[in-house]
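Engineer: Using the sequences plus the hints, can you model the full thing?
Using the working numbering, you'd call the opening residue of the sequence shown number 1 and step up by one each time.
Just so you know, these hints were derived from the structure itself, not from any lab. A quick note: this is a predicted structure, and the numbers were derived from the prediction, not measured. Virtual Cβ for every residue (Gly too), placed ideally from N, Cα, C. One thing to keep in mind: the hints can contain errors.
Computed spacing ranges between beta-carbons, pair by pair [as the list claims (entries may be wrong)]: (1) Asn16 x Arg40: 15 to 25 Å; (2) Trp20 x Gln56: 16 to 26 Å; (3) Gly15 x Pro36: 27 to 37 Å; (4) Ile55 x Glu17: 13 to 23 Å; (5) Lys46 x Asn16: 19 to 29 Å; (6) Lys31 x Gln56: 14 to 24 Å; (7) Ser19 x Gly45: 16 to 26 Å.
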Amino acid sequence: MILRKFTAFNPGVFGNEASWILDAIRISVEKFRNVPLDVRIVSYGKSDPKVADFIQGHNCF
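Structural biologist: Following this line, the structure appears as structure tokens:
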């Protein structure tokens, strides 16, 4: 099992939109769907509701 942690940086830090970050995570997870990955999304402080909605709305986790 390969452990991968994705940290969703505050989009404003690097000028990236939250949707770009979540799309990149989704694409990566879907691309390696057949590889035994243990994927975790880590946040600083409390979870962002957009990330929770993303996880619930995509069947890639």
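Engineer: May I ask which of the numbered hints given earlier this structure violates, with the numbers listed in increasing order?
Structural biologist: Hint check: nothing fails, all pass.
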